[in-house]
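4 protein chains.
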Amino acid sequence: MTDDQALREAVLQANRLIPKAGLAALTWGNVSGVDRAAGIYLIKPSGVAYDDLTADLLVPVDLETGRVVAGRLKPSVDSETHRAFYLRWPSIGGITHTHSTHAVAFAQAGRDVPVLGTTHADTFSGPVRVTRDLTPQECAQDYEFNTALAVIELIGDDEAAQATPAALAANHGPFTWGKDAGKSVEHAIVCEAVAEMALKTLALNPSAAAPQWLLDRHFSRKHGAGAYYGNDLSKATGA
Amino acid sequence: MTDDQALREAVLQANRLIPKAGLAALTWGNVSGVDRAAGIYLIKPSGVAYDDLTADLLVPVDLETGRVVAGRLKPSVDSETHRAFYLRWPSIGGITHTHSTHAVAFAQAGRDVPVLGTTHADTFSGPVRVTRDLTPQECAQDYEFNTALAVIELIGDDEAAQATPAALAANHGPFTWGKDAGKSVEHAIVCEAVAEMALKTLALNPSAAAPQWLLDRHFSRKHGAGAYYGNDLSKATGA
Amino acid sequence: MTDDQALREAVLQANRLIPKAGLAALTWGNVSGVDRAAGIYLIKPSGVAYDDLTADLLVPVDLETGRVVAGRLKPSVDSETHRAFYLRWPSIGGITHTHSTHAVAFAQAGRDVPVLGTTHADTFSGPVRVTRDLTPQECAQDYEFNTALAVIELIGDDEAAQATPAALAANHGPFTWGKDAGKSVEHAIVCEAVAEMALKTLALNPSAAAPQWLLDRHFSRKHGAGAYYGNDLSKATGA
Amino acid sequence: MTDDQALREAVLQANRLIPKAGLAALTWGNVSGVDRAAGIYLIKPSGVAYDDLTADLLVPVDLETGRVVAGRLKPSVDSETHRAFYLRWPSIGGITHTHSTHAVAFAQAGRDVPVLGTTHADTFSGPVRVTRDLTPQECAQDYEFNTALAVIELIGDDEAAQATPAALAANHGPFTWGKDAGKSVEHAIVCEAVAEMALKTLALNPSAAAPQWLLDRHFSRKHGAGAYYGNDLSKATGA
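Protein sequence lines correspond, in order, to chains A, B, C and D.
Counting from 1, one number per residue, gives the positions in the first sequence under the numbering used here.
Counting from 1, one number per residue, gives the positions in the second sequence under the numbering used here.
Counting from 1, one number per residue, gives the positions in the third sequence under the numbering used here.
Counting from 1, one number per residue, gives the positions in the fourth sequence under the numbering used here.
Hints are not guaranteed to be accurate.
The list treats identical chains as one, so a pair stands whether inside a single copy or across any two.
Unchecked claim - Straight-line alpha carbon distances no greater than 20 Å define the calculated SDA-like cross-link-like pairs of lysine to any residue that follow:
(1) K222 <-> S125
(2) K74 <-> L63
(3) K74 <-> H223
(4) K222 <-> G47
(5) K222 <-> Y143
(6) K183 <-> W28
(7) K222 <-> L63
(8) K20 <-> A55
(9) K235 <-> L63
(10) K20 <-> Y50
(11) K183 <-> Y50
Bear in mind the hints are in silico, worked out from the structure with no lab data behind them.
Note that the structure is a prediction, hence the values are computed from the model and not measured.
Isolated chain A, as found in the complex (with noise of 0.2 Å):
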C-alpha cells in the first residue's frame, strides 16, 4: 500500500474542488490520484458526501487487479473506468469524473464541445468530443471499465490524451485527466466551462467557427516548447 501522504492531501484537496467549483451536486462526481511506484492509485469511496471526506477515507486500489488494498470502504463505483485509462495512458497521473450542468448537457445531446475560442484552446488542442453508445452487452457486464474504454478507443494513445485531457462519455458526463489530481480537476472546470460558452455561443450563431491559426497559437503559449505561459512563484523573490 502507498504510505504517500502527499498524495492522499492532493487527493483529498482535488475532490474538494469538485463542490467548491460547482462541478457536481450532492456525492457526485470523483477525483483518483496514482503512485505508479506501488502500483496503487487512491480514490474518492463510494458515496461520501464531500464533507464528511478526509483524507483517511481515500481508497486505495491495486493498477493491476482493481482491488482494494486496505479498508473497508468500497471505492467509487468508478472506479474501474479509472484503472483503465491509467492502464491505457501511462503518463497521467489524475483522473476526474463529474456530473457538471453544460458538460453533461453536450454529453447527453450527443454533440462534441467545438473550439470556438481560446479559453478551449488555452487547454484543449480538440474538440471535447462524445464516444458512441455502448452496446447492451458492455452495459450488461463490465460496464464501468467498458465505459473507460469506450473514451479510449475516442482519444487514441497517450500523446493524443495529453492533447485533448477530456472526453464525455455518451449520456453520462465528463472525463478529464492531468499529471496529478489537481490538473485533472482543473481540467474538469476548464471542460465545464467551454462547454457552457459554447451552448450560448450557438445559440446566438449555430455555425459559430473559429480560425485555426488562433486556436493553435493559443495552445502553443500554454504547451510545448515553445510555451510562453506562466511563472514559478519560488522565482519571485530577490531583484
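Given chain A, put chains B, C and D in place with the hints provided.
Same frame as chain A, but now just chains B, C and D:
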C-alpha cells in the same frame, strides 16, 4: 403528539436545505416528515422565513384528520397535499415541495423531464412527469388535497412512487418524496439538477434520447438487490 | 424632516437586499420608503456603493416638491420616478427599482412576463407588463417623472397597483412597490424569479399557458378576505 | 521603476475583483494600471492564482519597450496587448481582460453586443463590438500586440475609446479600459452583465431594439457636461 426530537431536527434540517441548495426564494417550499406510529407529521409553518425557522416552530398535523395537534401556528398551505401522499403511499417518510426554477419551467411548459442520461437514471427510474390540469371544481374546493390526487393518479401505487419519487404539478412545481425528510429534499435537488440539464440538452438537440440499457444499468447500480453504490461510514475504521 | 429611525433602518435593509438577492451589480438599483405623515420619502443616494451605504446616508426628499430636505447628498437619479408613484398611489409605502437580469430581458424584448404558473399568481394577479416607449419629448424633459407616468398609464389606479405591484419600463427594467420598503424589494425578488421561470418555460414551450381558475385560486390563498397563507410569529408561543 | 504603492494596491484590488465578480475561472483574466509619469504599467504576473496574488508580485513593465523593469516574474502573456492600448489612448489609466462567459459567447459568435436598453447605455455609448479575425501572419508574430491593433482599428481614437470603453477580440474575449484599474474592471462587470441581458433578450425577441433618444438620455445622465449621476461621499457630512 409526537415527541420525537430526532424527527423534529431532521425535518428542520431538511427545510433549511431548500434555501441552501437554491431550490426556492423567500418562504417558498416546505418539507414534512412523518411519525407513522404516532399518526402525525411535522411540517413547516406557513409563511415563516427559513432564517426564523426552529425545530419548535414545526407544526404537528394529525395524519387522519389533517388537524393541527399542538401550537398556534398554521401549517404550510400545502399541508393537505402532503397528507394525501402519506395516506396513499405507506412506504414514504418525508415530502418536499419547492418552486425550483427549472423544474417549474417544465411544469409550466406542460412537459415531462425526459430521462436523457445517467444523472437522471441514478435516482429516478422514469421521466419526472407533469400532472393533468386540475378542473375548476378541483381548484374550488379541497384544492391542496386534489393537487395530491392528480399526482397520485399520475404516479400510481407505492412501488411506482418509490421507483420515481418525483412529479410536477402542472403550472405549479415539483413534489418529491422519500423514505424520510432528508431523502425527499435530496430528491428535490436531483429533480432540479436533471431539469436544468434536460432544458440545456434539448436546446442543443431537441430529439435527444438515451439507450434504455444504459439507464437501467445506472438505476440498478444504486437501487434494488444488485445495488453496489455507497458505503456505511460507521464501517470505515479498522483494517 | 422625518426623524423616523425605524423607517431609515427599514429602507437601509431593503436597499441591502438588492445585492444580497442578486438583483443588481455595482450601484444599480434603489429602494425608497415613505413617511406620509411627514410628507417625506427616504431614498438611496445616487451612485453610492451598497457596502458604503448607512442609514444616515439615505436622502430625505419632500413628497410635494421633490426637493432634498436635509444633507448634502443627491438622491438616486430615479427619485422623481419614485415621487410620482407615491403621489398617484396613496396605499403604497415603498418602491424598488433594479436591473435584475431576466426582468430586464423582458423589458428589452418588449414582452410582458406572462402568468404561467402559481409562483407568479401567488404574488401578482396579472402579467408583469411593459410600458410603451417614451417619446423624444418625454425623454428630453422631466425624464424620470415621465418614466413613472408611463407606468401609471399602464397600471391604472391604486387598487390595480396593489393587485400587480410590478411593471417593466420599456428597454429599462423593473419597478416594484408595496405597503413598505421591505415588501417592495420582496416583489422585486418575485419579479426576477418569475421572469427567469417564464423565459425558460417559453424556451420549452412557446405557447405555454395556465388555467385561469388555478391562478385565481393561488392569488386568493394569499390575498383578500379569504386568504389563509402565513402566520403571525408573535402568536407562536403558548399551547 | 514606479514606487507608487497606491497604484500597486489599486491594481491588486482590481485583479481580485475578477474572481469575486465571477468574471473568470482559474487564473484567467488580468488587470493593469499605468503610471504615465514613470512610463511604467503594473500588470498581473502570468499564471499566478488570484489567491496567491500580492501587491509585490505585480510586474512593472516599461511602456516604451515592453520590458520587465524589476523582479523575476513574467508579466501576463497579454502584456503587449495592454501596452498597445496605453500607447494609443493617452486618457486611459487601466485595462482589464477577462474570459467572462456571456461576453465570450458574443466574441465566439462573432456578434456585437447590441445596445438594447439603459443598463448598457448608462456606461457604453454604443454596441460592444467584435474585431475582425486576425490573419495567420498577425497570429504568427507579435500576436498579443496585433490583438490590440485589431481592437484599436475597430474603436478608433481616444475620444471613441472613452465613449465605449470595451471591445471583444474575435473568438477570444472582452477587453475593457477606463481612467484607472478599478474603472476598467467595473467596465468588465458591465460588459458581462449587458452581454447576459442581451443574450436573453434576443432569445425572447430576435429583433429587439431600443429608441435612440432613450439611450442618449441615459448616457448623458452619467457622462459629459450635463451629467447628474453620483455623489462625492466626502461631502456627505454636515448640513
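Each hint tested on the structure:
no.	hint	in the structure
1	K222 <-> S125	within (11 Å within a copy, 36 Å between copies)
2	K74 <-> L63	within (15 Å within a copy, 40 Å between copies)
3	K74 <-> H223	between (37 Å within a copy, 16 Å between copies)
4	K222 <-> G47	between (36 Å within a copy, 10 Å between copies)
5	K222 <-> Y143	between (36 Å within a copy, 14 Å between copies)
6	K183 <-> W28	both (19 Å within a copy, 15 Å between copies)
7	K222 <-> L63	neither (31 Å within a copy, 25 Å between copies)
8	K20 <-> A55	within (17 Å within a copy, 26 Å between copies)
9	K235 <-> L63	neither (37 Å within a copy, 24 Å between copies)
10	K20 <-> Y50	both (10 Å within a copy, 16 Å between copies)
11	K183 <-> Y50	both (19 Å within a copy, 17 Å between copies)
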